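Residue strings, one per chain:
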Amino acid sequence: MTALLETKNLEVFYGDFQAVFGVDFHVNEGETVAIIGANGAGKSSFLKALSGLVKSRPDGILLDGKPVGGRPAFDMVKSGIALVPEGRRLFPSMSVADNLLMGENGKSGDRGWNYETICDLFPILRERADQLAPTLSGGQQQMVAIGRALISNPRVLLCDEISLGLSPAAVKDVYAAISEIKKRGTTIVIVEQDLNAALSAADRIYCFLEGKVSLAGRADEFDRSQILAAYFGS
Amino acid sequence: MSQPIPTAAEPVASRYTVRVATRTSRIFTVIALALVVLLVFAPAFASRPMLQDLILVFLLASLALCWNLMAGYAGLISVGQQAFVGLGGYALFALIIVGGFDPLLSIPFAALIVALLSIPVGSLVFRMQGAYFAVVTWVVAEVFRLLLAQWRELGGGTGTSLPRSATGDMFGLEFISELFGVRSAAAREIIIYWAALFTTVLVVGGCYYLLRSRVGLALRAIKDGEVAAQSVGVSTTRIKFGIYVFAAFCAGLVGAIYFLQTSRISPDAAFSLLDWTAYIIFIVVIGGLATIEGPIIGAILFVLLRNALSGFGPWYLIVLGVLGIAVMLLAPKGIWGNFSQFTGIHLFPTRRHLDIAPAKEQNK
Amino acid sequence: MEHLNTIVQGILLGGLYALYAAGLSLIFGVMRLINLAHGDLIVLAAFVLLAMVTALGLPLPIALLILLPFAFALGWALQRYLLNRTLGDDILLPLLVTFGLQILIQNGLLVAFSADSRKLSLGAIETQSVNILGLSIGVVPLITFAVAVIVLGALSYIFYGTGLGRRLRATSDSTEVVQLMGVNPRVVFAIAMGISFVVLTIAAFFMGIRSNFDPSVGPARLLYAFEAVVIGGLGSLWGTLAGGVILGVAQAIGARINPEWQILAGHLVFLVFIIFRPRGLFPKQ
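One line per chain: the protein sequences are C, W and B, in this order. Numbering that gives the first Met the number 0 puts the first residue of the first sequence at 0, with every later residue one more than the last. Numbering that gives the first Met the number 0 puts the first residue of the second sequence at 0, with every later residue one more than the last. Numbering that gives the first Met the number 0 puts the first residue of the third sequence at 0, with every later residue one more than the last.
Treat each hint with caution, since some may be false.
Pairwise CB distance ranges, derived in the manner of DEER restraints [as the list claims (entries may be wrong)]:
1) B:Ala111 to W:Asn306: 20 to 28 Å
2) W:Gln51 to C:Phe12: 49 to 57 Å
3) C:Gln17 to W:Ala307: 49 to 57 Å
4) B:Phe275 to W:Asp101: 41 to 49 Å
5) B:Leu134 to W:Asp101: 54 to 62 Å
6) W:Phe40 to C:Gln17: 52 to 60 Å
7) W:Ala330 to B:Leu57: 40 to 48 Å
8) B:Arg84 to C:Phe12: 46 to 54 Å
9) W:Leu322 to C:Gly111: 51 to 59 Å
10) B:Val129 to W:Ala330: 35 to 43 Å
11) W:Gln128 to C:Gly111: 24 to 32 Å
The hints are simulated quantities; they were obtained by calculation from the structure and are not laboratory data. Keep in mind that this is a model prediction, so the values were computed, not measured. All C-beta atoms in this analysis are idealised placements derived from N, C-alpha and C, irrespective of residue type, glycine included.
All chains should be modelled from the sequences, with the hints used to inform the complete structure.
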């Protein structure tokens, strides 16, 4: 069986600086995979490459076994890879509804996600629809960011540090939503520094260390010390 | 990218030496000094048209260097330098016609007046940034053009000429006239030629000194990121303002010298966007932005082009426009920038090199 | 009554300035670019209208309607194939390229049409006026103002009422994030420039009817447009109308005192705004 999304020997460069070194990675249809690792381990760079924000070699990224690397981000989302960017990055001059609807431009099919179903998932957004995005709380903003990516009906939803800067209660809400999204069949890749959140949500994990994969496998297959060793590189 | 060539002249006292000069640049310094001496004596052997072309090269190169200092180093993009050229010209005419001062001695005073005026003008235009700054400088130049068109004593909108009596007994005229055995018109041109040469030397020296000083380092920091520069304690606004005033002073000098030579001024000529900004930008872009050599080369090339093509009227300007846009898009470093990148030659090196002796040298 | 008349004339003149400014404001709002050739493009459009009327014998309003789609296409292409290549972190490149365009357009027009002063003619309606509250008001200035309001209303609708407007606003907020939404910012920029060209062509129509023009008058149009945008508040569409009106009234009052002071008065009011309200009347956020 071909993986839904796969990388082969993926390398990511920012000019002369190399952030990711030859990463092999895959995620199967319906799976949730978490990428964990310390600050600067190359996790976000990896997601940026998957989403097309950073250029990579064409055969480095395969979707359904077909090379899609090197495509610009606006093509990637249309072929079904949507990113919830780190720091949420909502459009500050626009309302919640406009932010969500903006996501429709990247539509890659119909897997049941639209403005209504997203507002059913996050009822608070329906109440706040006309408010400017920056007036929302951090957790609510994260919901908008997830909804905005989800509304494109992606085959793979990439989530970059969605718990960062949120209160524990908000983290719980956000991950409850993630598991609901998973339940409805969407394939998810999360990048996460919060180990507990990552381990509870994921079927499989990859641990990144200095731009390379230091550990990979089922989420329940390792004990705490193995993961910490891969995480900090001792 | 420069060629760091370690020289025997430098004692390897410590393991690290900060070095700005290159061997090429030291050889060039000698050549440059010789060239300046040669240019000083040029009136003795050069023809009058040649001198006139050189005057134009000097004045345009001075303006281009200043514009380059602002845009290429301080991030100040002005399309309103004609304000200060025009004010320099008008200040000179006012000093001569209204004040009855000697024309030659009026030149530095005219420039000084312009520099003083640039302080309030600067505090106004500095309220805007980036592209807005550019257009506001242009509005200010228009305001001066319209205001001076109201000055009846200097001819209002149609302008005025210097009276023969004033230009006829300029300081030093008689002496030069006898020294070179020429008539007073030619002698006047020689004095103006020297003034123009002096201006260029002043501007080149000023730019070179400034860029090699701590201010130059600060400017590089500003270019790399204003916030970063401020966070390491560089007062970006003060440096930018200083450069703005310096550029205004030099533009004032240029205006005073240029309009002394033509002996005629009008608001449209004095505050011409085309002559004092469009051409200057072309010169800097063609020659090479953010280099000292570029604007000088650009000015020489511009005067050659002008002599060859100015008979073609608007077509000449169309060629300049296309050439300018093409260079900006295809070779944004200009002639000198590309040459220097290709050969590693810097005649006016302003970057510092950290030599780690005696191990192999740094290449950045 | 005389004073009131001056003010009313100034307000109506402001409509024309708002038309000059609307396209410039749009471009700045979406891509933070000041198109220094904006004024010259207005003059270019006026000359093209003139040529369509004289060479093809078309009635002027028909010529305008025919020209508008071509104007959009030209603006689109200019952005797509030239100006998009200048966009980056440095504002120098787009400024200088549009500055170069200005020189090209002015001198191209000189070659094609000579330096002679021209005018567009709309026939008898130009001299007609209506009486409102005892003031005799020209029909053409009234139409200009009405069209300015309609154009700004239409732009407002596009911006805040359509999917395209959402893309325009989002691109203005972040050119990177819109890509994650499947939007190519370069395409959005090209569409914005196309719209700007449509608006500046409409402005050219009214400029040509209301005053003489020659290849050299573009820069002044750019400055009026810029001043209206800044006075109104950067990126605010209706502010642009207010800015145009303030500029128009200032010029009308200046001209009333001394005809030579018309332009100067406008510039001075603008500079006063820069000192006391540099972010304009209705700044965004």
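Hints versus structure:
1. B:Ala111 to W:Asn306: 20 to 28 Å: 26 Å, holds
2. W:Gln51 to C:Phe12: 49 to 57 Å: With a Cβ separation near 55 Å, Gln51 (chain W) and Phe12 (chain C) satisfy 49 to 57 Å, so the hint holds.
3. C:Gln17 to W:Ala307: 49 to 57 Å: Holds, since Gln17 (chain C) and Ala307 (chain W) (Cβ atoms, about 51 Å apart) stay within the stated range.
4. B:Phe275 to W:Asp101: 41 to 49 Å: 43 Å, holds
5. B:Leu134 to W:Asp101: 54 to 62 Å: 58 Å, holds
6. W:Phe40 to C:Gln17: 52 to 60 Å: Taking Cβ atoms as reference, Phe40 (chain W) and Gln17 (chain C) lie about 59 Å apart, which means the hint holds.
7. W:Ala330 to B:Leu57: 40 to 48 Å: Given about 43 Å between the Cβ atoms, the range holds.
8. B:Arg84 to C:Phe12: 46 to 54 Å: Taking Cβ atoms as reference, Arg84 (chain B) and Phe12 (chain C) lie about 23 Å apart, which means the hint is violated.
9. W:Leu322 to C:Gly111: 51 to 59 Å: At 58 Å between Cβs, range holds.
10. B:Val129 to W:Ala330: 35 to 43 Å: 58 Å, violated
11. W:Gln128 to C:Gly111: 24 to 32 Å: Hint violated: Cβ distance 48 Å, outside 24 to 32 Å.
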